[in-house]
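Using the sequences plus the hints, can you model the full thing?
Sequences listed follow chains R and W, in order. Residue 13 in full-length UniProt numbering sits at position 13 of the first sequence, with consecutive numbering throughout. Residue 171 in full-length UniProt numbering sits at position 171 of the second sequence, with consecutive numbering throughout.
It is worth saying that the hints were derived from the structure and are not from the lab. Certain hints may be false.
As the list claims (entries may be wrong) - Now the stretches of chain R that chain W is said to cover, found in silico as 3 or more residues with beta-carbon under 8 Å:
1. 21-35
2. 219-229
3. 372-382
4. 618-628
A quick note: this is a predicted structure, and the numbers were derived from the prediction, not measured. Using N, Cα and C, we set each Cβ at its ideal position, and we do this for glycine too.
This is what each chain is made of:
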Amino acid sequence: MEKRMLKEDTDRVDGILKVTGRAKYFAEYELPGLTYGVLVTSTITKGKITALDTKAAENAPGVIAVVSHLNKPSAAAYEQEGGPQMKIFYTDKIFYNGQPIAMVVANTFERATHAASLVKATYAKEEFNTDFAKALKDPKAKKLQGQADYKRGIENAYKTAEVKLEERYFLPIETHNPMELHGMIADWRPNNQVTVYAKTQGVKSTQGTIANVFKIPPENIQVNSEFVGGGFGMALRTWPLEIATVMASKHIGKPVKVVITRAQMFTMVGNRPAAIQTIGLGADKDGKLTGITHRAYGETSTYENFTEGVVNMAKFMYQCDNVNTSYAIVPVDLGVPIWMRGPGEATGAFALESAIDEMAHALDMDPLDFRIKNDPETDQQKNKPFSSKNIKEAYKIGAEKIGWSNRKNKPGSLVEGQWQTGYGVSVGVFNANRGKASVKGILKADGSLLLQSATSDIGPGTGTGMTLIAHKLMKIPVDKITFELGDSSLPPAPSQGGSATLSTVGSAVNDVCEALKSTISELAIHSGMDPTANFVEVLKKNNLPAIEVTKESHSGKERDNYSMYSFSIHFVQVKVHALTGVVKVSKIVSVGDSGTIVSPKTARSQMLGGAVGGIGMALTEEAVIDHRYGRYINNNFADYHVPVNADVPEIDVNFINKPDPYINPMGAKGMGEIALIGFSAAVANAVFNATGKRIRSLPITPDKVLG
Amino acid sequence: MKLSDQKPNQGDSRRDFLKKSSVITAIALTPGIAVKAAENNVDERFAELFEKIPLNLTVNNKAYQTSVEPRVTLLDYLREELHLTGTKKGCDHGQCGACTVHVDGQRVNSCLSLAVMNEGKKITTIEGLAEGDKLHPMQAAFIKHDGFQCGYCTSGQIMSAVACIREGHAGSRAEISEYMSGNICRCGAYPNIVDAIVDVKDGGATV
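See below:
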């Protein structure tokens, strides 16, 4: 195992709270008079509720109320025409199986759970379709454009290339399934004052959504979300069940806690939609790409459209004068999807990076050489230089560490007993984003620094990263710096998504620290001290207990001049069992090219997490629907297989760790997404190298390997 | 209505029964005082008398004499009654390990154990692992090796990790991985978790 460069690096600032069980997640706040809400869900897939019998539930012990479309607790925006179709408890329409149709509120969780089982719905059923592949084939089924068609050079140029391929790739529905169950505690008090404890990737976004639905001023709503037990994208929006929780609290005048079940995690909080993609690649005999075509279809719901960046990567990742893409979404009768880690780019990268490997094989080239040969110097899509890109160096590091020289280009060459060994590589790429955020800094005469921003930490270590940025600039010991987040009353910051938090909020931390430093040095000069004097002495001399600065920070013109992306390279070694078709990922080397690494320990963990998520995507994860009933049949951890400890080999994480000169003051680009994007293709490519079997449908299960 | 057409009302509890005191049989079979209690809206407390049973157990060296409904899981009892929320609910089906606690020294998924099954037993939760401010070696190792990200599975991982060593199942990385596979970490901290366990095992500290 690569001895970690990181042992001595700074520990997570909230580590002690997390290992002692003192970190409080949303469901763990004690409120006087707290009640428990349990959701009743539809048992049909499409149609209308014709009757809802809540009497038995209302009579059950401890029940306070049953909330449904029959009593419609007031939500001003839902009383108006238009807006979303899925107006929870305002509609009798059923859009998918497992849709919440009522909430039973009782004084204990067990009583609410029992009473929820007593609610009986009667429906008028309609024909439905939950089968995405079937909808795609049906000429009468709706297909909506998901992104503007893109064309550079000649359309479908691959068709006339010297060497060409055209292949189709399938991804099933994947579910985020963070370990913490979703839900909310809502406490609606007199005068429309609302406090919620939420599981959210954006406290300001939750605050805004509640304000919009109930038409009350955002400042009436306090959103608390200090610790979030994982999100991976599913907590990027405020789901109907959360609106229902607020409604219920308003209705009964008491705080209501809802924690949904693991099964409901499959139906109420989105998923990575299924996708069918076609890639056409053309190359000349020397291995130069002459045409790339990427056409993708993604699944969406009937009541809301969802789109993501499935075909983005094809437009700039490789040097090629002829590129065209198209992306359409196909509605089916399922709950609406939401971005899942790596989002559409991870879906797209599976197809593109598999096809690149296939083309290398067709050309009888080493897939690494083929990638290097077609590596672009500039971004041909935006016609701009990259702000920074060290991909060739990353290829080199990764190839050395995985032992790429042991790989044979001829598939099935490495056999030991019943096990076949293969090596695979793939690339991941994602926008290096930077948004707008505000941070308040309070520098105190006791030598401490308090930083505050309404950002989130769903796990990557936001507080740790921000603390380290401030530590580096202010030379204040880490244990004297506190970063507060997850509170909507703090200075605004965007939601934690799109790998942008460190870049966005970190820049504001940087700006606040710079401002505090210059204020201190002005004060020092003013009071006849050395301008570099220690801030504690300066504050004391001026009889100031503290100084406070709030800064808003955003990117400047540099975004117009450069193309900004984070990159990753994934190398994997797999062992495939010839008789059973079992695939084991036996070695992983990931190289991140995402600018400066601010917090090495937590950055490494993010890369580990991406690789582990990638193993699931590649080998085990598939939410299966029985299309006769429109229901998930593996909606639990026993049947929907996320990777466990024994599925994961040692992972060698490497970073280029060179600052990006343009992105932000730290030179740091995001890395949550690139940790996963492309990984599944590396596994598919390694399985091909091991066996000669090309699997274009995820997950790569033994039946497909043997089939 | 024929008798055979009547469906048994399986959902009714004793209190439902009391609430429907106009039913002749209910009046006939229920003591007058109970009917009166239900009518006076003190039926909740009355129902509790019927529905709860006594329970004595020790949690983190503290003795509790209490009464619970028999359907309450040990997990929900710890979280909702004792407010020991360090033990997490991840699936409620014994499939994820987030709720792992020690019962008489053995690791147990507390969501699969009813509270009343633990009469007279000694429970240790994550809150009972440290000695005051002094972290248990496994807690310290999890911090050192960054054995978590979001932290939600961490309590269960640590309780399992301690048991893994005590059971003698920490002989190799592969063995540790196998015996830690009942604890899911969606953030993917597995290699760091194994590092932490190896470190504690090799360090030789008493766990």
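Going down the list of hints, with the structure as the test:
1. 21-35: holds (count 8)
2. 219-229: The restraint on the stretch 219-229 of chain R holds, since 3 of its residues have a Cβ under 8 Å from chain W and three suffice.
3. 372-382: Our answer is that it is violated, as 0 residues pass the Cβ test (under 8 Å) against chain W, missing three.
4. 618-628: Since three or more residues must qualify, the claim that chain W covers the stretch 618-628 of chain R is violated, with 0 doing so at under 8 Å.
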